[in-house]
Structures are given as structure tokens and as C-alpha cells.
Amino acid sequence: MISTLSVTDLSLSRGERTLFRSLSFSAASGEAVALTGANGAGKTSLLRAIAGFIRPEAGEITFRDADGEPIEADLARAHEVHLLGHLDGLKGARTARDELMFQSQWLGHSHHGIEEAIEILGLKPLLDLEVRKLSAGQRRRLALARLIGSPRALWLLDEPLSPLDAKWREAMGAMMTRHLAGGGLILAAVHDPLPIPTRPLDLGAGR
Amino acid sequence: MSAAYILFRRELALAWGGGGGPLLACGFFACLTTVVPLAAGGDPNVLKPVAAGIAWLALALSSLLSLERLFERDLEDGALDLLATGPLPLEAVFAIKAISQWLATGLPLALTAPVAALALGQSIELAPLTALSALIGGLGFAFTGALGAALALGAKRGGLLIAVVVLPLFIPPVVFGSGVLDRAAAGLSPLSALALLTAYVLFAAVIAPPAGAAAIRSAQG
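So the protein sequences, as listed, match chains R and B. All residue numbers for the first sequence refer to my numbering, where the first residue is 1 and numbers rise by one. All residue numbers for the second sequence refer to my numbering, where the first residue is 1001 and numbers rise by one.
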């Protein structure tokens, strides 16, 4: 299980534009890092680089287990990383139940976890609806369900709270607290503060 | 349940259900093969010798129809990110999507092909062979087509680009496939042409997944 994520001297650019240079930070098990910065500062790109979608220009992204041994990046990403961005990958024509089952099972589900996710996120009344009929907040709750449905150590979240109302933000906070207590790590790009104690990491003004 | 099975079940459901899927391809195929006698005249002496060729041309064109949606939609709604963070490598994801595409488009087309060829004047004894060769060729169309779809990811008017990229790659199966039927119609053994068709399909099934996975990674980056 991933217990440390360390990023050393990371430089990222999109096309001609350099987003940031020599970014170093690390996060250990039980820790939540809140990634802030202006629009275009590279928050999403950093999350996508950690998830392996963007090749960094320079620097290292290392996942380590509890003994401090590095885990092979591809292996860590395939089994222990959740990336939840603006796009949730839900198919409008399928029912919420189908999508929840698929997303959780595909990422390595625990049966218990799926039921728990339905419970915690209040998805029961939505399960038989087609995804296209859900509101933005309901859709987000359905997407968040895979975090619990499929237990993975590192959560990379991009604006996880944005369409949620106060009640579900609180529920999300409780979910995150439990994940951290169980030894997980969270790295979240946020504009509004998360409902849990976090360590800030500012990417600066962008341009 | 293994991850491959879970993904396969979903992709098959999406390919069968999503926007007409198999019916659209079969309808297009039937229209194309109906237009030919109207355009070229209904004389059986004209149509019969080219029946196999026309059927295969129509198969190739009909196989193009749903390719645009194969990866593009997953890229737009974020499902491709989800698939890439799963337990299977992208190469396997690509192969599973291509096989689902085959089952949802190639298989119904292979069942329609003998009927269309029959309507063009092909003799009825060739119907099973037509279906078999169309089924094998369809797998080749699915893999090369999926490769084209992956290469066109993120491009504007990707559907047209896919057609331009993929149609040249469809030439060998069209040649071998109609060769199978021509040889059989001439009373020769179709096995050599069938073997070449199968060889093409196997080649495509080996080459397309790594190339397609690389194209998807670059589109995601």
C-alpha cells in the first residue's frame, strides 16, 4: 500500500507554456494536502501527472510503501490511485447502479465497500435512474462513490466539493477523515477549503 | 470476476445499446447493396460477377460507421481516464473494446452479408462461406478501425479522418475476402484466400493494440 508520495523537482509544461518548475513536496499516509493556486496554475495538470497521464518535463514522482521501498509507478497507479476530475466517466444512458458497479468493480471493488458507498452518499433512491437524469450534485455523489466502493490508498481529487451542497460536503468530509484514519493519502485541488484539516500547497498565481 | 470480463460486459452493452449500434450498421449495409442494382441496372449477368466485391466494399464502409464513437466519447466524458487507471494495461483495454466492436457490428454484418450477396445474384451455396469470411474479416476491420479511431482522437471532424486513415488499411481484407468468394464461385478451393484473410486479421490483432494504446496515451497527455 502506498504510504508516501514524494514529488521532487517536478517541472510541468503544457505545450509551450511552463506551468511550474522545481516543485517538491511529499505527503505521508494519513495526510491531506490541499492544492491551491489561480486558474491555470497547473493544479489539474499536477494531479494528472501524478496519475501518470502527463509526462513531466523534469523531476520524479515516487510512491513508497510503509517500509520506504519505492513501488513501481505503473503498478501503484493501476491498483492504488484514484483520480477523480471534472469529468466523471459516467455514461448517461446507463443506470446509476450499472455505473457504480462498473466503476467500483473495474478499479478493484470490495462488495462491502459498494454497499457502504450507497449508504454514506445516499445513493439508494438514485440507483435505478439513468445517469443523464441526475443533477450535477447527484452525479458527483455517484462519482465519489467509487472512492469508497473501491479501496485505494491515494485519492487525487480535482474540485471534489464543487457541485455539492452543505450536507454532502459534510458527508464528504467524514469520508475523507475515515480514509485518512485508515492510512490513506489525499491530494485535492480546491478553491473552497476542505471540511478537514489539510496542509496547504500553493502553486502560485498562474498566468 | 476478472477485470477483463467486467470491462468486456460493459463495452458490449455500450456498443449494442449506444445510438443504434448494430441496426444502424446493418441498415447502412442493406442500403448500399440495394443502391448498386439500381445504379448499375438489374441485369444478373452484370451483377453476379461483382456480387462478392460489392458485398465486401459495403462491409468495409459499414464497419466505419460507429468507429468515431469508439474512443472519442470516452475521451470526452472522462471514461478513458477511468479505464487507464484500472488494473489492465491500455493495450488490453484497446483489444477488449475492439472485440466488443466486432461483436456489436461485425457479427450482425456477417449475418446480413449473405442475404445482401444473395440479392445481388450470388448463388445460395456460397451463403455460409460469405458469412464466415465476413465474420473473420470483421475482426480485422474492428482492430484496424479501432486503431484509426485511436489515432484520430481529439481531432476535429475525427469521423472523416478515421475514414481516410482506415480505408487504405481495409484494402487487404477486402481483396482477400472477395477473393475467397470468387474462388469458391469459380469452383476452386477458397482455403488459400481464407488463410490470407485470417493472416491479415491476426496481424492486425497483434499490431493494433500497442499502436492504439500509444495513440490513446498521447491523446490523454
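Calculated from the structure, these hints are not laboratory results. Worth double-checking, as some hints may not be accurate.
With beta-carbon atoms standing in for the labels, derived distance ranges [said to hold, decoys possible]: (1) R1217(B) / E130(R): 41 to 51 Å; (2) A1039(B) / G40(R): 23 to 33 Å; (3) L1167(B) / G122(R): 45 to 55 Å; (4) R1217(B) / D9(R): 15 to 25 Å; (5) L1024(B) / E170(R): 40 to 50 Å; (6) P1168(B) / H191(R): 44 to 54 Å; (7) R1073(B) / G137(R): 18 to 28 Å; (8) C1031(B) / E116(R): 23 to 33 Å; (9) V1164(B) / R169(R): 33 to 43 Å; (10) A1030(B) / P163(R): 43 to 53 Å; (11) G1221(B) / P163(R): 23 to 33 Å; (12) P1168(B) / R17(R): 57 to 67 Å; (13) R55(R) / P1049(B): 51 to 61 Å.
Derived coverage of chain R by chain B (criterion: at least 3 residues anywhere in the stretch with Cβ under 8 Å from a Cβ of chain B; other residues may be distant) [claimed, not checked]: (14) 53-66; (15) 71-81; (16) 106-116; (17) 180-194.
Just so we're clear, the structure is a prediction, and the values are computed from it rather than from any experiment. Note that beta-carbon positions come from the ideal geometry of N, C-alpha and C, so glycine has one too.
Hints, one by one, checked against the model:
{"no.": "1", "hint": "R1217(B) / E130(R): 41 to 51 Å", "in the structure": "31 Å, violated"}
{"no.": "2", "hint": "A1039(B) / G40(R): 23 to 33 Å", "in the structure": "55 Å, violated"}
{"no.": "3", "hint": "L1167(B) / G122(R): 45 to 55 Å", "in the structure": "50 Å, holds"}
{"no.": "4", "hint": "R1217(B) / D9(R): 15 to 25 Å", "in the structure": "23 Å, holds"}
{"no.": "5", "hint": "L1024(B) / E170(R): 40 to 50 Å", "in the structure": "47 Å, holds"}
{"no.": "6", "hint": "P1168(B) / H191(R): 44 to 54 Å", "in the structure": "49 Å, holds"}
{"no.": "7", "hint": "R1073(B) / G137(R): 18 to 28 Å", "in the structure": "23 Å, holds"}
{"no.": "8", "hint": "C1031(B) / E116(R): 23 to 33 Å", "in the structure": "51 Å, violated"}
{"no.": "9", "hint": "V1164(B) / R169(R): 33 to 43 Å", "in the structure": "49 Å, violated"}
{"no.": "10", "hint": "A1030(B) / P163(R): 43 to 53 Å", "in the structure": "45 Å, holds"}
{"no.": "11", "hint": "G1221(B) / P163(R): 23 to 33 Å", "in the structure": "27 Å, holds"}
{"no.": "12", "hint": "P1168(B) / R17(R): 57 to 67 Å", "in the structure": "36 Å, violated"}
{"no.": "13", "hint": "R55(R) / P1049(B): 51 to 61 Å", "in the structure": "55 Å, holds"}
{"no.": "14", "hint": "53-66", "in the structure": "holds (count 3)"}
{"no.": "15", "hint": "71-81", "in the structure": "holds (count 4)"}
{"no.": "16", "hint": "106-116", "in the structure": "holds (count 3)"}
{"no.": "17", "hint": "180-194", "in the structure": "violated (count 0)"}
Figure legend: structure checked against the earlier numbered hints; hints not met, in rising order: 1, 2, 8, 9, 12 and 17.
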